[in-house]
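Enquirer: Sequence:
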Amino acid sequence: MGILDLFGSREKREAKRIKDLARRSQEKYGDPALRQRALEGLRDIGTPDAIAALMQRFTVRTEPGITDEEEKEYTLEILQSFGERAVQPVITFLEQSETGISWGVRCLKGLVDEPTLVGSICGILDKLGAQYTRDPEKKVTLLKLLADYRDPRIAFTATEFLEDPSDDVRMAALSTLVSQRAVDRADAIVECLLSAEAPRVRAACAEALADLDAPIGERAEEVKAALPEGYRLDGGRVIRPS
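Going by our numbering, the sequence shown runs without a break in its numbering and finishes at 243.
The set of hints was computed from the structure by calculation and includes no laboratory data.
There's no promise every hint is true.
[Stated by the list, open to error] Derived DSSO-like pairs (lysine-lysine); straight-line CA-CA distance at most 30 angstroms:
1) Lys145 - Lys73
2) Lys110 - Lys128
3) Lys13 - Lys73
4) Lys73 - Lys110
5) Lys110 - Lys145
6) Lys13 - Lys29
7) Lys110 - Lys20
8) Lys110 - Lys29
Given the sequences, and given the hints that come with them, work out the whole structure.
Expert: Structure (structure tokens):
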């Protein structure tokens, strides 16, 4: 057996061990002590694949719930102890996973500075795009996160999601645009108002335009006709109910 065969065998053994530890760390009704040892085993391996396997602990809920929360906090501590090594596996998790997103975001926040965090989240949302997804919660979570920061990239990203099929996503995008004081996105908000079928989305659009005190421009008559009850135009701007 040559040295390449030995190296290949070692890689296979490690991959199998990571797979076994990942399975044990996620057993819903398993012994908590065994799950913790599995997490520690993945920590000790410390490769990108092992870090990715640790991230998967965020995608399952074990019983009892209080133990599940403690184990996820412990997993978070392990991941953040890797520092720079964990950044790309965490970003990949956020790109690919549909669950555990809030935990993934918490992990990333502890690993990178604010500009990198914002850029990473905007990049993930840009890849998702305003296309149909079975569960829109991931987009909503990421858009709400961006609302906590101030960065010119945020308004650009959020605007795209005013055309999302999900009402919840569009409303999250509107809130994020308001948080950025994105008056220059008023035309996109007007378009969302005029195209929205759901009353709650139209109300959110009207509220956003009122919050931003944004000039409506040439589409004032269309906007006036589409405004929810109680809202009105005054001086080319939307005024909320008194």
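Enquirer: Each hint needs a verdict: does it hold in this structure or not?
Expert: Hints, verified against the model:
For the hint linking lysine 145 to lysine 73, the alpha-carbon distance of about 22 angstroms falls within 30 angstroms, and the restraint holds. This hinted pair checks out: lysine 110 and lysine 128 have alpha carbons roughly 20 angstroms apart, not beyond 30 angstroms. This hinted pair checks out: lysine 13 and lysine 73 have alpha carbons roughly 28 angstroms apart, not beyond 30 angstroms. A hinted pair counts as satisfied when its Cα atoms are at most 30 angstroms apart, and lysine 73 with lysine 110 qualifies at roughly 16 angstroms.
Of the pairs offered as hints, the one joining lysine 110 and lysine 145 holds, with about 14 angstroms between alpha carbons and a cut-off of 30 angstroms not exceeded. Pair hint lysine 13 plus lysine 29 holds up; C-alpha atoms about 27 angstroms apart against a cutoff of 30 angstroms. Proximity of lysine 110 to lysine 20 is assessed by CA-CA distance (about 27 angstroms); at most 30 angstroms being required, the pair is judged to hold. The straight-line distance between the Cα atoms of lysine 110 and lysine 29 is roughly 27 angstroms, inside the 30 angstroms bound, and the hint therefore holds.
Comparing the model with each earlier hint shows no violations; every hint is respected.
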